[in-house]
Amino acid sequence: MKFSFRIALRYLFSKSSQTVVNRINLFAITVLVVSSSALLIVLSGFEGLKDFGMAFYDQFEPDFKIIPKNGKTLKVDEKLWKDLLSTKGILSSSRVIEEKVFFGFEGKNQAAYIKGVSSSYTSTSPVDSLVVIGEWIDFDSNSVVLGYGLSSSLGVGVYDYSSYLELSAPKKGKLKFKGSPFVTMPAFVNGIFQISEDIDKKYAFCSIDFARKLLSFEDDEFSHISIKIDSNYSEKEIFSNLKQHFDGRFVIQSRAEQNPALYKMINTENLAVYLIFSLVILIALFNLIGSLIMMRVDKASQLKLLYALGETPKNIQRVFLFLGLLISIIGSVGGVLIGSVLIFVQDLYPFVFVPGTSLAYPVSLISKNIFIVLTTVFVLGAITSAWATRGIQNSLD
Numbered sequence: 001m002k003f004s005f006r007i008a009l010r011y012l013f014s015k016s017s018q019t020v021v022n023r024i025n026l027f028a029i030t031v032l033v034v035s036s037s038a039l040l041i042v043l044s045g046f047e048g049l050k051d052f053g054m055a056f057y058d059q060f061e062p063d064f065k066i067i068p069k070n071g072k073t074l075k076v077d078e079k080l081w082k083d084l085l086s087t088k089g090i091l092s093s094s095r096v097i098e099e100k101v102f103f104g105f106e107g108k109n110q111a112a113y114i115k116g117v118s119s120s121y122t123s124t125s126p127v128d129s130l131v132v133i134g135e136w137i138d139f140d141s142n143s144v145v146l147g148y149g150l151s152s153s154l155g156v157g158v159y160d161y162s163s164y165l166e167l168s169a170p171k172k173g174k175l176k177f178k179g180s181p182f183v184t185m186p187a188f189v190n191g192i193f194q195i196s197e198d199i200d201k202k203y204a205f206c207s208i209d210f211a212r213k214l215l216s217f218e219d220d221e222f223s224h225i226s227i228k229i230d231s232n233y234s235e236k237e238i239f240s241n242l243k244q245h246f247d248g249r250f251v252i253q254s255r256a257e258q259n260p261a262l263y264k265m266i267n268t269e270n271l272a273v274y275l276i277f278s279l280v281i282l283i284a285l286f287n288l289i290g291s292l293i294m295m296r297v298d299k300a301s302q303l304k305l306l307y308a309l310g311e312t313p314k315n316i317q318r319v320f321l322f323l324g325l326l327i328s329i330i331g332s333v334g335g336v337l338i339g340s341v342l343i344f345v346q347d348l349y350p351f352v353f354v355p356g357t358s359l360a361y362p363v364s365l366i367s368k369n370i371f372i373v374l375t376t377v378f379v380l381g382a383i384t385s386a387w388a389t390r391g392i393q394n395s396l397d
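Mind the numbering: the sequence shown is residues 1 to 397 in our numbering, read in order.
Don't read these hints as lab results, they were simulated from the structure. Worth double-checking, as some hints may not be accurate.
Said to hold, decoys possible - DSSO-like mimics (lysine-lysine), calculated; alpha carbons at most 27 angstroms apart, straight line:
1. Lys50 / Lys202
2. Lys213 / Lys172
3. Lys72 / Lys213
4. Lys213 / Lys171
5. Lys228 / Lys72
6. Lys264 / Lys79
7. Lys108 / Lys201
8. Lys228 / Lys69
9. Lys201 / Lys72
10. Lys82 / Lys72
11. Lys171 / Lys108
12. Lys202 / Lys243
13. Lys243 / Lys79
14. Lys75 / Lys228
15. Lys79 / Lys236
16. Lys172 / Lys72
17. Lys314 / Lys50
18. Lys236 / Lys69
19. Lys75 / Lys236
20. Lys69 / Lys243
21. Lys213 / Lys82
22. Lys100 / Lys201
23. Lys171 / Lys72
24. Lys79 / Lys228
25. Lys82 / Lys228
26. Lys100 / Lys213
27. Lys236 / Lys264
28. Lys79 / Lys213
29. Lys243 / Lys228
30. Lys50 / Lys201
31. Lys236 / Lys172
32. Lys202 / Lys172
33. Lys69 / Lys88
34. Lys171 / Lys100
35. Lys171 / Lys202
36. Lys82 / Lys243
Claimed, not checked - Label pairs and their computed distance ranges (CB to CB):
37. Asp198 / Ile330: 42 to 48 angstroms
38. Ser367 / Tyr159: 48 to 54 angstroms
39. Phe378 / Arg10: 17 to 23 angstroms
40. Pro181 / Ser123: 33 to 39 angstroms
Nothing here was measured: the structure is a model prediction, and the numbers come from that model. Note that CB positions come from ideal geometry on N, CA and C, so glycine has one too.
Generate coordinates for the entire structure from the input sequences, incorporating the hints supplied.
As structure tokens, then:
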């Protein structure tokens, strides 16, 4: 095997008497470098877009959420609340009331979710940083903060005191004859937040006291608990610590479990991008097949001489297998180096921008994507080289 590898190195770096062979070898390496760097750049660009988009989502949703296993509400007494606050790895937590209600403004109506939160909520989810117009909730008044899509549907603006926004929710318990089945409370818009189209038209925020009156919740009754964790603790450790205080009546969700459809979509798109560009690399490896075949033809007389001197056909076949692997390694490493340089330049001195904006296209170079590129090219190169060198043993016998 050592002999085969040394011969492969000699064939790779020595010039052939046929100029076309040298050009085909150079072209095979160049195509692999370009395709490898393209795969790394695309994966890094997708990673950058994911980080950019998820940064806003992470501001909206907490690290962990505790929800009731059955029903829509959970009971949290003072003892349980103190136990939660003293749990290792928990930086902050906030109790939340969330329910679907009707919003009405000057004859326009829209159903959306209202989140009743306390002043400590922004320590678990910094939603206040997403407010683009106006300010965050005024906890001393009946103020709400609407999503941009919801405010557009209702046609309501910030600090509009000429006409109040009306929030309505079904009454709990027995209804009186001829009585209204809804609890209706006036409110004014203190701010408008913007994150994504789906969330903007679906959510609004208010104080937890306002939500409790509107939805007729008891003092120890909540929809869920939002939790921010210490980054020094793993999710597994946090989950284990929380399980000590919360029995089977509660469900503990990580951020990925809170919105599985979103993470599934992101992972599916990432896989699709990877498979498409892996196909590009596979097509590029056809040049490697041509290079190995031309090298076999060019070195035919030398191969017969090696065989006549006693070298086994299997070791002679390994020469071209190693040659294909060396070309694959050089191409992948060269592609990773060039791709990494371009990604660093884009990150430090942007030259590609999001169409129609002055926003630099986000990129993120991580070790996982480098490993994926190197492994993909090496594995596909090994398969291609093995296929291209088949039959060498039979031609020598």
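Now the hints, each set against the structure:
1. Lys50 / Lys202: holds (22 angstroms)
2. Lys213 / Lys172: Since the Cα atoms of Lys213 and Lys172 sit roughly 11 angstroms apart, the hinted pair holds (cutoff 27 angstroms).
3. Lys72 / Lys213: holds (17 angstroms)
4. Lys213 / Lys171: holds (11 angstroms)
5. Lys228 / Lys72: holds (22 angstroms)
6. Lys264 / Lys79: violated (37 angstroms)
7. Lys108 / Lys201: Holds: Lys108 and Lys201 sit about 14 angstroms apart, inside 27 angstroms.
8. Lys228 / Lys69: holds (21 angstroms)
9. Lys201 / Lys72: Since the Cα atoms of Lys201 and Lys72 sit roughly 22 angstroms apart, the hinted pair holds (cutoff 27 angstroms).
10. Lys82 / Lys72: At roughly 22 angstroms apart (the allowed maximum being 27 angstroms), Lys72 and Lys82 satisfy the hint.
11. Lys171 / Lys108: At roughly 21 angstroms apart (the allowed maximum being 27 angstroms), Lys108 and Lys171 satisfy the hint.
12. Lys202 / Lys243: Violated, at about 31 angstroms.
13. Lys243 / Lys79: Measuring from Cα to Cα gives roughly 15 angstroms; hence the hint holds.
14. Lys75 / Lys228: This hinted pair holds, its Cα atoms lying about 20 angstroms apart.
15. Lys79 / Lys236: holds (24 angstroms)
16. Lys172 / Lys72: holds (13 angstroms)
17. Lys314 / Lys50: Status violated; Cα separation ~48 angstroms.
18. Lys236 / Lys69: holds (20 angstroms)
19. Lys75 / Lys236: Given pair Lys75, Lys236 holds - Cα atoms ~25 angstroms apart, limit 27 angstroms.
20. Lys69 / Lys243: holds (13 angstroms)
21. Lys213 / Lys82: holds (25 angstroms)
22. Lys100 / Lys201: holds (12 angstroms)
23. Lys171 / Lys72: holds (15 angstroms)
24. Lys79 / Lys228: The hint holds at about 20 angstroms.
25. Lys82 / Lys228: Roughly 15 angstroms separates the two Cα atoms, so the pair holds.
26. Lys100 / Lys213: holds (14 angstroms)
27. Lys236 / Lys264: Holds, because 21 angstroms separates the two Cα atoms, which is no more than 27 angstroms.
28. Lys79 / Lys213: holds (24 angstroms)
29. Lys243 / Lys228: The given pair, whose Cα atoms are some 16 angstroms apart, holds under the 27 angstroms limit.
30. Lys50 / Lys201: Roughly 22 angstroms between the alpha carbons, so the hint for Lys50 and Lys201 holds.
31. Lys236 / Lys172: violated (39 angstroms)
32. Lys202 / Lys172: Status holds; Cα separation ~23 angstroms.
33. Lys69 / Lys88: The hint holds at about 23 angstroms.
34. Lys171 / Lys100: holds (13 angstroms)
35. Lys171 / Lys202: holds (22 angstroms)
36. Lys82 / Lys243: holds (15 angstroms)
37. Asp198 / Ile330: 42 to 48 angstroms: holds (46 angstroms)
38. Ser367 / Tyr159: 48 to 54 angstroms: holds (49 angstroms)
39. Phe378 / Arg10: 17 to 23 angstroms: holds (22 angstroms)
40. Pro181 / Ser123: 33 to 39 angstroms: Roughly 37 angstroms apart at Cβ, these two residues keep to the hinted range, so it holds.
In summary, the numbered hints that this structure violates are 6, 12, 17, 31.
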